Amino acid sequence: EIVLTQSPTTMTASPGEKVTITCRASSSVSYMHWYQQKPGASPKPWIYETSKLASGVPDRFSGSGSGTSYSLTINNMEAEDAATYYCQQWNYPLFTFGSGTKLEIK
Amino acid sequence: QVQLEESGPGLMQPSETLSLTCTVSGFSLTSNGVGWVRQPLGKGLVWMGTIWAGGSTNYNSAVQSRLSISRDTSKSQVFLKMNSLQPEDTGTYYCARHSSVQLTYFDYWGQGVMVTVSS
Numbered sequence: 431e432i433v434l435t436q437s438p439t440t441m442t443a444s445p446g447e448k449v450t451i452t453c454r455a456s457s458s459v460s461y462m463h464w465y466q467q468k469p470g471a472s473p474k475p476w477i478y479e480t481s482k483l484a485s486g487v488p489d490r491f492s493g494s495g496s497g498t499s500y501s502l503t504i505n506n507m508e509a510e511d512a513a514t515y516y517c518q519q520w521n522y523p524l525f526t527f528g529s530g531t532k533l534e535i536k
Numbered sequence: 071q072v073q074l075e076e077s078g079p080g081l082m083q084p085s086e087t088l089s090l091t092c093t094v095s096g097f098s099l100t101s102n103g104v105g106w107v108r109q110p111l112g113k114g115l116v117w118m119g120t121i122w123a124g125g126s127t128n129y130n131s132a133v134q135s136r137l138s139i140s141r142d143t144s145k146s147q148v149f150l151k152m153n154s155l156q157p158e159d160t161g162t163y164y165c166a167r168h169s170s171v172q173l174t175y176f177d178y179w180g181q182g183v184m185v186t187v188s189s
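From first to last, the protein sequence lines are chains H and X.
Remember, my numbering sits 430 above the position in the first sequence when you count from 1.
Remember, my numbering sits 70 above the position in the second sequence when you count from 1.
Careful: at least some of the hints might be erroneous.
[As the list claims (entries may be wrong)] On the chain H side, residues computed to face chain X include the following (Cβ under 8 Å): (1) S472; (2) E479; (3) Y516; (4) Q518; (5) F527; (6) S529; (7) G530.
[To be verified] Lysine-lysine pairs mimicking DSS-like chemistry, simulated, CA-CA at most 30 Å apart: (8) X:K113 <-> X:K151; (9) H:K482 <-> X:K113; (10) H:K532 <-> H:K482; (11) H:K482 <-> H:K448; (12) H:K532 <-> X:K113; (13) H:K536 <-> H:K474; (14) H:K448 <-> H:K532; (15) H:K532 <-> H:K474; (16) H:K448 <-> X:K113; (17) H:K532 <-> H:K468; (18) H:K468 <-> X:K151; (19) H:K448 <-> H:K474; (20) H:K468 <-> H:K536; (21) H:K468 <-> H:K448; (22) H:K474 <-> X:K145; (23) H:K468 <-> H:K482; (24) H:K536 <-> H:K448; (25) X:K113 <-> H:K536; (26) X:K113 <-> H:K468; (27) H:K474 <-> X:K151; (28) H:K482 <-> H:K536; (29) X:K113 <-> H:K474.
What the hints contain is simulated information worked out from the structure, not anything from laboratory work.
The model shown is predicted, which means the values in this text are computed figures rather than measured ones.
The beta-carbon is built from N, C-alpha and C at its ideal position, and this holds for glycine as well.
With the rest of the complex left out, here is chain H (with noise of 0.2 Å):
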């Protein structure tokens, strides 16, 4: 079974910073999944094969990594970006998520 392990777990930004969430899997992996939850809401697809945005999701946002090292990328930090980030694998049969990061605003 594949561990994702996210780091940092909290962290805090200011507008207009760089934010990289990283996400380090216990065994080589091909691609990562990202999602982003807000408090009371559900989980929403973020970034899917390692560096596609979904639908919506704006561009200052860009997803990275191969083996067992990936990351979320923001650049330039919005207030709305606050929110916890969830990576996820799937090697078959099992889904993995890694433990959140959650990102605040200054």
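The hints should help you fit chain X onto chain H, whose structure is shown.
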């Protein structure tokens, strides 16, 4: 448009069997798989299991012995049944649609249903 809606009891007693229904619209259960994801209060997401478009199922090994996922394609409904409930099964239960891409992810989610297991 694609929609998923969970329904079921909000309060359960320990040792009871939980039954949840996910009613979908805007797509066919024979075209996309549907998964269940649990989120304990204030904690992260945990995949519970999936029923695929072809009708086969996969389960999280942590709950596999207690969990069953089935469907009624004519009613566009997916069912989750989990027995021997414990307080640690408390949380919000989401159903979510699997995308059609090969490296599948959850592209649409229901609003979730809160389940509390308490005596």
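Comparing the hints with the structure gives:
no.	hint	in the structure
1	S472	holds, 4 Å
2	E479	holds, 5 Å
3	Y516	holds, 6 Å
4	Q518	holds, 7 Å
5	F527	holds, 4 Å
6	S529	holds, 5 Å
7	G530	holds, 5 Å
8	X:K113 <-> X:K151	holds, 22 Å
9	H:K482 <-> X:K113	holds, 26 Å
10	H:K532 <-> H:K482	holds, 21 Å
11	H:K482 <-> H:K448	holds, 19 Å
12	H:K532 <-> X:K113	holds, 11 Å
13	H:K536 <-> H:K474	holds, 23 Å
14	H:K448 <-> H:K532	holds, 15 Å
15	H:K532 <-> H:K474	holds, 15 Å
16	H:K448 <-> X:K113	holds, 26 Å
17	H:K532 <-> H:K468	holds, 10 Å
18	H:K468 <-> X:K151	holds, 28 Å
19	H:K448 <-> H:K474	holds, 22 Å
20	H:K468 <-> H:K536	holds, 17 Å
21	H:K468 <-> H:K448	holds, 20 Å
22	H:K474 <-> X:K145	holds, 26 Å
23	H:K468 <-> H:K482	holds, 21 Å
24	H:K536 <-> H:K448	holds, 13 Å
25	X:K113 <-> H:K536	holds, 23 Å
26	X:K113 <-> H:K468	holds, 13 Å
27	H:K474 <-> X:K151	holds, 25 Å
28	H:K482 <-> H:K536	holds, 28 Å
29	X:K113 <-> H:K474	holds, 16 Å
When the structure is compared with the earlier hints, no violation turns up for any of them.
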